[in-house]
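S.K.: Chain by chain, the residues:
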Amino acid sequence: GEDVEQSLFLSVREGDSSVINCTYTDSSSTYLYWYKQEPGAGLQLLTYIFSNMDMKQDQRLTVLLNKKDKHLSLRIADTQTGDSAIYFCAETFNNAGNMLTFGGGTRLMVKP
Amino acid sequence: DSGVTQTPKHLITATGQRVTLRCSPRSGDLSVYWYQQSLDQGLQFLIQYYNGEERAKGNILERFSAQQFPDLHSELNLSSLELGDSALYFCASSPRTGTEAFFGQGTRLTVV
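Respectively, the protein sequence lines represent chains A and B.
In this note's numbering, each residue's number is its place in the first sequence (first place is 1) plus 18.
In this note's numbering, each residue's number is its place in the second sequence (first place is 1) plus 5.
Note that these hints are calculated values from the structure, not bench results.
A few of these clues could be false.
Derived lysine to any residue pairs resembling SDA-like cross-links, with alpha carbons at most 25 Å apart [unchecked claim]:
id	chain 1	residue 1	chain 2	residue 2
1	A	Lys-74	A	Gln-98
2	A	Lys-85	B	Glu-105
3	A	Lys-88	B	Gln-46
Here are some of the chain B residues that sit facing chain A, going by a computed Cβ distance under 8 Å [what the hints assert, rightly or not]:
id	residue
4	Gly-21
5	Gly-63
6	Phe-95
7	Glu-105
8	Ala-106
9	Phe-107
10	Phe-108
11	Gly-109
12	Gln-110
Every residue, glycine too, gets a C-beta built ideally from N, C-alpha and C.
Just chain B, with the same shape it has in the complex (with noise of 0.2 Å):
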């Protein structure tokens, strides 16, 4: 068990819908960050937040945000869904930049 928690698990909606997937970090960690994972693009990096704020930003799609709260839980949001949007999501953090990164279990997301 890595500290990090991602809900829901699975998740399928219908094209066009919009979903909240949920992170939270590892105890103290303040950094956040999402991935996608795919069968056609592999693991690529879609955003990182660090103590609330935006960092750095990857290959995220415009109709996909993110935001982290005072908490430091994180969420991610997906709209106006399409069918490749289906794939499995990560969340990880790390306490500080520069340093490993802890991954959740993923929330595999079917868009039928």
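With the rest of the complex left out, here is chain A (with noise of 0.2 Å):
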């Protein structure tokens, strides 16, 4: 089945970049996104890659995407305070419409 796997917790210092990991298991995913939840907040969609790219960069945000090795990364740069939230990734499969799988969730704690 599918399964989308993401370390818990990230700290970083404030101007550093981040680099927030996942995993996947289905290699017939077709879309992989990237959400941010801010505390008592709902789910804001950062970016998203079709799976037959390897980059995407949107102003700070770069996606990388290795389909070979399942490994999806989320590099945010100069981070701030304001990106201390939880990045979830997630994925959609071919046969399933845009039914979302997220992964656990990484706390990004960002330091002054």
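Hints given; two lone chains; assemble the complex.
M.R.: Here you go:
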């Protein structure tokens, strides 16, 4: 079955780069997503990548996809205290519409 | 603001009761998804509707049901509530399958 895994916690200093990693198991994934959840808030779509792409950049965010290793990463450049949140990766499958399977989330703490 | 509206924001009810959660999708979006976020299970897909018809089912209990109305808003009905049903319930919408999903702020349900 499908499974998405993330490390639980990441701590960085303000101004440094953050790299949040995710592994998935189903090679039929079509889209891979990154969502951000701030305390007491909903899920904010940050970016997504098609499974036939290797990289996508959007301002401070860079997504890298290694299909061979089924590894997805989100790099946040010049991390700010406002980036402190829980980050979820998620995937969808060819035969499941847009049903998302989420990882457990990585809590990013940015220290001033 | 994602454009997806969920009401109520908070709900406290007793075990054995029934509640209805409401979701208004983004203007023009035909698909509505329901997710449950709990501490022990993480983010789990419950059910999807597309233009009024059930499209996909996930880990939804038999005590739970949903529907999507002609104006495309959706309701999630939870009955015979148990303490373990306490969670954050999210609604998401997307214009068609295979694209990004936008989430509402969620309804926090507390069963006492």
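S.K.: Look at each hint and say if it fits the structure.
M.R.: Status of the hints after comparison with the structure:
1. Of the pairs offered as hints, the one joining Lys-74/A and Gln-98/A holds, with about 21 Å between alpha carbons and a cut-off of 25 Å not exceeded.
2. For the hint pairing Lys-85/A with Glu-105/B, the CA-to-CA distance comes to about 20 Å; that is within 25 Å, so the pair holds.
3. Distance check on the hinted pair: Lys-88/A and Gln-46/B sit about 23 Å apart at the alpha-carbon level, within 25 Å; holds.
4. Nearest Cβ of chain A to the Cβ of Gly-21/B: about 28 Å, over the 8 Å cut. The hint is violated.
5. A distance limit of 8 Å between C-beta atoms decides the matter here; for Gly-63/B the minimum to chain A is near 7 Å, and the interface restraint holds.
6. Of the supplied interface hints, the one on Phe-95/B holds, with its beta-carbon coming within about 6 Å of a beta-carbon of chain A, less than 8 Å.
7. A least Cβ separation of about 6 Å between Glu-105/B and chain A falls short of the 8 Å threshold, and the interface hint therefore holds.
8. Annotation: Ala-106/B was flagged as interfacial toward chain A, and the flag holds, the nearest CB pair being 6 Å apart, inside 8 Å.
9. A cut of 8 Å between beta carbons decides the hint on Phe-107/B: the least distance to chain A is about 6 Å, and the hint holds.
10. Taking 8 Å as the C-beta cut-off, the interface hint given for Phe-108/B holds, the closest approach to chain A being about 4 Å.
11. Hint status for Gly-109/B relative to chain A: holds, with the closest Cβ pair at about 6 Å, below 8 Å.
12. Because the beta carbon of Gln-110/B sits about 4 Å from the nearest beta carbon in chain A, less than 8 Å, this interface hint is met.
Of the numbered hints listed earlier, the single one contradicted by the structure is hint 4.
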